[in-house]
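K.L.:
Chains as they are written, first to last, in the working numbering: chain A, -4 to 263; chain B, -4 to 263; chain C, -4 to 263; chain D, -4 to 263; chain E, -4 to 263; chain F, -4 to 263.
Since the hints were derived computationally from the structure, they do not count as laboratory data. There's no promise every hint is true.
[Claimed, not checked] When the alpha-carbon atoms are kept at most 25 Å apart in a straight line, the in silico DSS-like pairs for lysine-lysine are as follows:
(1) D:Lys156 - C:Lys156
(2) D:Lys156 - D:Lys24
(3) C:Lys107 - B:Lys107
(4) B:Lys156 - A:Lys156
(5) C:Lys107 - C:Lys44
(6) C:Lys107 - D:Lys107
(7) B:Lys107 - B:Lys156
[Stated by the list, open to error] Chain B side only, calculated, beta carbon under 7 Å to chain C, not exhaustive:
(8) Asp63
(9) His135
(10) Val229
(11) Leu241
Bear in mind that the values here come from a model prediction, so they are computed numbers and not experimental data. Glycine residues also receive a C-beta, built at the ideal position from the N, C-alpha and C atoms.
Number of protein chains: 6
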Amino acid sequence: MTAPFYLPAGDEVDLFRAAYDQRIPVLLKGPTGCGKTRFVEYMAWEIAKQRTGTPPDEPLVTITCHDDLTAADLVGRYLLSAEGTTWLDGPLTRAARTGAICYLDEVVEARKDTTVVLHSLTDHRRTLPLERLGTTVAAHPDFLLVVSYNPGYQVTSKDLKPSTRQRFLAIEFGYPDPELEAEIIAHEAGVPADVAEALAALGARIRNLDAADLLDGPSTRLLVHAGALIGRGVAPRRACDLALVLATSDDRDVQDAVRQVAHAVFAA
Amino acid sequence: MTAPFYLPAGDEVDLFRAAYDQRIPVLLKGPTGCGKTRFVEYMAWEIAKQRTGTPPDEPLVTITCHDDLTAADLVGRYLLSAEGTTWLDGPLTRAARTGAICYLDEVVEARKDTTVVLHSLTDHRRTLPLERLGTTVAAHPDFLLVVSYNPGYQVTSKDLKPSTRQRFLAIEFGYPDPELEAEIIAHEAGVPADVAEALAALGARIRNLDAADLLDGPSTRLLVHAGALIGRGVAPRRACDLALVLATSDDRDVQDAVRQVAHAVFAA
Amino acid sequence: MTAPFYLPAGDEVDLFRAAYDQRIPVLLKGPTGCGKTRFVEYMAWEIAKQRTGTPPDEPLVTITCHDDLTAADLVGRYLLSAEGTTWLDGPLTRAARTGAICYLDEVVEARKDTTVVLHSLTDHRRTLPLERLGTTVAAHPDFLLVVSYNPGYQVTSKDLKPSTRQRFLAIEFGYPDPELEAEIIAHEAGVPADVAEALAALGARIRNLDAADLLDGPSTRLLVHAGALIGRGVAPRRACDLALVLATSDDRDVQDAVRQVAHAVFAA
Amino acid sequence: MTAPFYLPAGDEVDLFRAAYDQRIPVLLKGPTGCGKTRFVEYMAWEIAKQRTGTPPDEPLVTITCHDDLTAADLVGRYLLSAEGTTWLDGPLTRAARTGAICYLDEVVEARKDTTVVLHSLTDHRRTLPLERLGTTVAAHPDFLLVVSYNPGYQVTSKDLKPSTRQRFLAIEFGYPDPELEAEIIAHEAGVPADVAEALAALGARIRNLDAADLLDGPSTRLLVHAGALIGRGVAPRRACDLALVLATSDDRDVQDAVRQVAHAVFAA
Amino acid sequence: MTAPFYLPAGDEVDLFRAAYDQRIPVLLKGPTGCGKTRFVEYMAWEIAKQRTGTPPDEPLVTITCHDDLTAADLVGRYLLSAEGTTWLDGPLTRAARTGAICYLDEVVEARKDTTVVLHSLTDHRRTLPLERLGTTVAAHPDFLLVVSYNPGYQVTSKDLKPSTRQRFLAIEFGYPDPELEAEIIAHEAGVPADVAEALAALGARIRNLDAADLLDGPSTRLLVHAGALIGRGVAPRRACDLALVLATSDDRDVQDAVRQVAHAVFAA
Amino acid sequence: MTAPFYLPAGDEVDLFRAAYDQRIPVLLKGPTGCGKTRFVEYMAWEIAKQRTGTPPDEPLVTITCHDDLTAADLVGRYLLSAEGTTWLDGPLTRAARTGAICYLDEVVEARKDTTVVLHSLTDHRRTLPLERLGTTVAAHPDFLLVVSYNPGYQVTSKDLKPSTRQRFLAIEFGYPDPELEAEIIAHEAGVPADVAEALAALGARIRNLDAADLLDGPSTRLLVHAGALIGRGVAPRRACDLALVLATSDDRDVQDAVRQVAHAVFAA
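Required output: the full structure, derived from the provided sequences and hints.
P.N.:
Structure, rendered in C-alpha cells:
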C-alpha cells in the first residue's frame, strides 16, 4: 500500500492522532466530496506504518451505510455449507479482531439497529457481542471506530441519537481553500496550474451562490472531473457544463446561474 | 455483434469518449424513448472494437433499476447446491471483473442501498467490496459505470443523493430534431420518407402541446410504432390513434387534443 | 383446443393482427368483464392455428397481476431439491421461450419491479435477462406481450410509468352494443332471444345511470348470470336482484336505482 | 356427517341451488353471527348427499380470510423434506381437485393477491394455475366457490375490486325474524320457549337502538349465549350483562342503553 | 401444582364456571395488574382438580399477545431436522389437543391473522384447521379459550372485530376494594396489616386523582412492591417514590401530585 | 473480573439491594452517559461476590435494545447444522438459566414483541416460555431483570405500555454533582484536579443553557473526552470544540452558545 495522496487543510491530523492515542471514537462532519474518505485512508496508513507488531493486512475497513444495512451485515452471519453452517465475520467484527480502523461512511443513513451495535465498542467496554455465536469479541488494542456524515443534508428523522452521538469526538471538514484546492485539481486531473486555479476559483464562486436548490456546492471531485475533460481537449465551457452544471442540479434556473458563473471564468 | 444502429445528434459520442478515457462515470439525462439505451449499446460496441486485449463476451451489462432491486441482485448471492453454497456473481460484479460497461437504466428507481454499492466503484478506489464473500474486487481497467434517468418525471423523494450524484459527468439527451427523427422512423419502421417526415413533424407538434397531463411527449419509439402500422396498411389516422392517442394518456381531453393534431397532419 | 367463442365488435382483430405482424406489444384498455380476456384467447388461438412450425402446447400464457406478484413469480426461481437447487421457469420465461402470447391482465396492479422486467422484452432487444441464472433468454420469434387494464378505476398512484407505457400500441374496448350483447347472452346463458334482448337493454340502461358510486356498470358477465338464473326458473326480478343489484353495490340508494330500472324492464 | 342444523329464512336455499346448478360463484352478504357459515355447511351437506359419484371426504372447505393470508396459503407450497421438496396442496387447490365447495369467509379481509388467485376459477375457465408447480388444475365439475362478507363494517379501502366482485351472484342475509330466532335460541341454548322468545324480542329491540357506536347489533349467537347462562341458573339480567352488554361495547353510554333494554325485558 | 392464591372479589368464579360448563369462550376486561392472570390460573387449577380423566400436565396455556405474534406462533410450524421437517404444535394446538384452558392475554395486541385463527375454535365447530399439516384438530371436550384485554388504553385501531368479539361472554374486573386489597398486600408483601391498609388507601386515592396523564392508576402489584420495600427497611415515602411515583409516570406534574398523596398518607 | 469503577451519588446502591432481595425488577431512568451502565456493572459485581453457590461466568448480561431486536434475538433460535437444527439460547434465556442479572439498555427502543416476552419473567411466575422449543424455563433464584431508558428524549409512540411498566421499581439517575463529576473526570481522563474541576463546572453550565435544540446536556463521558484531549496536549478550547461543541449539535447557534461558555471557562 503506497501512501494515499492527502494534503492536510489544518490541525485535523494532530487531532485525529490525539483521539487515536486515547482510542476515543471519531466523528467526521463535512460536505460530500471534501476529502473525508481520503483523510481516513491517510490516517489508517500512517497509523499502520507505526505499529510495532504485525500491521493488519487491511488497516482500514470501510463500510458505506444505507437504509438496508443490517446488524448482521456489520457483525457477521452464518452461511449454509455442506458441513452445516459456518460463521462469516462481518467487516466490523473483522476490524475489531485485527485492530484495523473501521470507517462507517454516512453513518446516519444506517438503521437504528446498526448504530446500536456500535455502543459497546465505543465506551469503556470496547467489546462486540456476537449474540448469534453466543460469544463476545474484545476489541484489539489498536482498533478504532470512525464515522462520518454530512450535516448539510440531514433529514431530522435521520439524526444520530444522543446516546450514540455522545460517544465520539467530532472533527469538522470543509472544502479546501482555493490555493489548496487548485493544488489538488492540478495533481488529480493533470492540468496546468492556471486551469486548476481557474477551476478552484469557479468552485468557490459557485459555493457562494445563494441558490436554495443547490444543496451541496460542487465537490472538489467535480472540479477534478471538469479539469480531466479539459485535459482531454474538451472546451472548458462544455466541460463545466457536464461536470458542474448538469451534474449538480435538474433545475433549469440553478443550471443557468451556475453556467453564467462558469462563462464568466472561462471565455468562449 | 453487429454495430447497433445509432445516429449521433450532437457531440455526445466525443464527450462519452473523453469521459471513458479518464474512466469518469457517466450519467445520461433525458426523456423516455429518446435513445439513451441505444447510445450506450453503440458506445459499448465502439469501445469493445478498439480494445487491445480480448474483448469481454458481453461488452455491455444492462440493469433496469426498480424499487425491489437489492444490493444482492447487483453484487451476487449464494445459491444452495448439493455441495453446500456456491457464489453467483451479480451483473455489476460480472461487469467489474470483465471490464464491461455496466449500464444502470433509471437509476433513481433503485433503493438507496443499491446506489450506495456504487460508491467505491465510482471514485479513486474503483473497488467493489463483496462483503458476503469477505473479499473485494478491483475493477478491471476497462470497466465503466453508466447510469441514466429521466428528470422529467422524477418524484423528489427519489432524487439521487448528492454524495452519489457528484460522482458522475452528466450528458443531456433530448428528442432528435425532426430531420434526424424522420431518418430514424424511415429506417426502423420501413416507411417511405414522406410518411416518416409527417410522423416526425407530428411528434414535434404534440410535444409542443401545452397539456399538463401529457407527462412525456411521444417518444421516437411511438412514432416508429405508428409508422409500422401504416406500413402494414392501417389507415394513418387509425394508426395514430393506437400508437399516439390511446398509448400516451387516459384523459379524454388530452386524447382529443392529440387526435386533432394527428388529423391536421394526416387527411382522412 | 377448440376455437374460443368471440364475436368481434369492430376492427380489433385486424389491428391486433397488424401489431402482431410487427411484434409490437399491445395494451388492451377497457372496463371489467367486457371481453378482453376472451379476445386474447381468440387471437392466441387464431395465431397458433397459422403457425408454420409446431405450435406451442400452451399458445397463451395468462397472468393476473396483483400487488404481491414479484419479478420472480414472472421470471422463475430456484427450488430446493434433493440434488441441490433446480431452476423453474416462470410463466413469462416459458412464454418467451416457446413463442406463446403472454397476457398480463390488470397490469397496473403489479409492482414496479414486475413491469420493469418487461422492458427488454418490449423494445428492439426482445430479451429477458435471468439474472439469477446468469443468462439471458432471447425471445422466440413468435412471442408477443399483451397487457390490459381498466382506465375506469385506476388510482393515479398505480398508473403505468411513461417509460413502460410508451412500449405498447393501445386498443380500446367498450361494452358490446345491445344487439351483439344480446347475442352473447343468448349463447352463454342459453336463454331465448327476447330474454337476452331484455337483459342487454337493461345493461345499457344501468350503465347510463348517473350514479357516482356505481364504479363499473354491470359487465356482460353479470347479464349472463342473470340470464342463467332466469333459465333455471328464478323470477326475472329476483334474478336481477342477485346478479345486478346486490352484486354491483353495497349502497342502498344505488341498489334502489338499479332495482327500479330492472323492474321497469321486467314486469312482476 | 349428520345434517347441520339450519332453519331457512326465505328463498336462499332455492337461489343457492340455482346458482350451484349453473356453477356460478356465490357471494353471501350479511352481519356477523347471522348464520352464513351454517347456511354454507347445510348447502354443502345437501349437495354432497345428492352427488352420484363418490362424495368428497370433505364436502366443504372453509377458509377464514385475513390480512396475512397469502396466495400460497390458499394454493399450496413446497415443504422441505429429507427427499428434497414435496408439494402440499392448499385448501383451495384441494377443494378444486375434489369437487368440494370452497368457502372464503370475510373475503374482503384478504389481500389483493389472494382474491386475484380466484379469478380464473370464477369465470368460464374454471382453472387454477399452480405457478410454482408449473401446472394448471382444471376444477372438478362439482367445485364451487362461495365467499362472504359483512357490508356493515367494511372500510372502503377493503372493498372488493369490481373485477373480482362482478364474478359472483349475491345473496343477502339478515338477522332471523323474532319467531325464527326464538326457535333457534330454544334449540341451541336448551331453554324454554318463553325465555327464548324474551331473548329474541330483546335482540330485536337492541338492534333498533339508534346508537352509532353499536356497530353490529347482537348476533343470534350472543342471544344463545345469554340463554345458555340462564339455563345454568344465572339470573337473566346478569346473563344479559355478560352476553349482551359487556360483550358488544366498551362504551359506557352504549352499555347503559343496552342494559336498560335488557332490564325492561327481564324483571329483576 | 399448589392452589394459586386468589381472593374472589364478586361472582366472577360462579360466572366463569357457568360459561365453562357450556364451553362458551370468556373475555376478561379490566385494568393492568388487577388480577386477571391470577384469576385464570385459579380457575384452571379448580377445573383441573375436578376432571374425571387424567388432567393435562399443563392445565393452563398462557400466551401474551403482541404485534408480531403470527398465526404460526399459535398453531405450530415445521422445524427442519436431519430427517427432513418435523411439525411442532404451537401452544394453542397443544391446549386444544389436551383439553387445557388457553389464555390469550392482551388479545387486541395480536394481529388480525392471529384472532381469525380462533374463529373455528370459538363457535359450534370447536375445530382448529392446521392448514400446513393438511388436517383439522377437533378440540378436546375440556378445552376452553379465554382472552383478556384492558379497555382503558385501547387504541381504536386495535379493537376486536365484531365477528371475533361476539364469540365471547365478557366478565369485567376492577381493582379490589380497599379491604380486599389490603389483605392481598399483607399476604404478598409480608407487611403488617396497618402498612397494608395504608397502601391500599393510598392506591384508592391515587386512582381517584383526576390526572389525564395517569393512564392506569397504580396496580395492586405496585402497592405490593411498595410494601415489599418497606418490609426491607426502606422509608415508606422513599418506597412510594420508587414503586408509585417514578414507576407510573415521566410527567413531573403527575409525579408531584402522586407524591403529595403519598406524603399525606405516610408521615416523614 | 475486577471491581468496576463506580462512585455512588446517593442511596441508589441500597435501593437496588432492597429490590434485588425481593427480586423486584428495576427500571433505571436517566439521561445518556450519566452512569447507568456502570451502576449495573457495579451492582452485578457486588451481588456475584456475595453469592453462596458458584457465581455465573457472566454475572451481567447486557442487551442494547433497538427497533429490530426480535423476540428470537432475546430468547434464542434454531441454527441449522449438519445434524439438523440445534437450539441456541438467546442472552435473556442464558441469564434466566444461570441466575445472572439481565440488563436491557434503552428498553423503549425495543419492539412490543420484545417487551412482552419479559412479562412472565417479571411477575410472580418468574418463567420464560420458549415456545419454539415447546418448553418453559423457570428463572434461576438469583436472576433479576433490569431495564433502563432516558425519559428526556422519548417519543410518546415509544413509551412503555402500562402493563409492562407497572412491573418495575424505578430508580432515577441524574448527572453527578460537580464535585463528584470532577472526581470521575480526574480518574477517567488522568488530568489534574484543576482541569477536572473546570470541566465539571463547564458541564454544569452547559446543561443549564436554555437552548431547546440541546436535547441532552453533555454527558460525563464527553467531559472525560475533553479532559483526555487536554491531557494529550490539545489546547483546552480546541478540545472543548471537538468534545463538546461539535459533538453535541449541528446547529450553529447552539454551537456558538456552547463555545462561548467554554471560552469563559478556559482562557485562550
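K.L.:
Now, for every hint given, state plainly whether the structure supports it.
P.N.:
Each hint, compared with the structure:
In summary, the hint linking D:Lys156 to C:Lys156 is supported, as the alpha carbons are separated by about 22 Å, within the 25 Å threshold. Restraint check for D:Lys156 and D:Lys24: satisfied, since their Cα atoms lie roughly 16 Å apart, inside the 25 Å limit. Only pairs whose Cα atoms come within 25 Å are accepted, and C:Lys107 paired with B:Lys107 is accepted, the gap being roughly 16 Å. Between B:Lys156 and A:Lys156 the alpha-carbon distance is near 22 Å, which keeps this suggested pair within the 25 Å criterion.
For the hint pairing C:Lys107 with C:Lys44, the CA-to-CA distance comes to about 35 Å; that exceeds 25 Å, so the pair is violated. With a C-alpha separation of about 16 Å, the suggested pairing of C:Lys107 with D:Lys107 holds against the 25 Å cut-off. Restraint check: the Cα-Cα separation between B:Lys107 and B:Lys156 comes to about 9 Å, which is no more than 25 Å; the hinted pair holds. With 7 Å as the threshold, the beta carbon of B:Asp63 comes within range of chain C, its nearest partner Cβ sitting at about 4 Å, so the hint holds.
With its C-beta approaching chain C no nearer than about 18 Å, B:His135 sits outside the 7 Å limit, and its interface hint is violated. Interface hint status for B:Val229: upheld, as the beta-carbon distance to the closest one in chain C is roughly 5 Å, under 7 Å. For B:Leu241, the interface hint holds, since its Cβ comes within 7 Å of a Cβ in chain C; the closest pair sits about 4 Å apart.
Figure legend: structure checked against the earlier numbered hints; hints not met, in rising order: 5 and 9.
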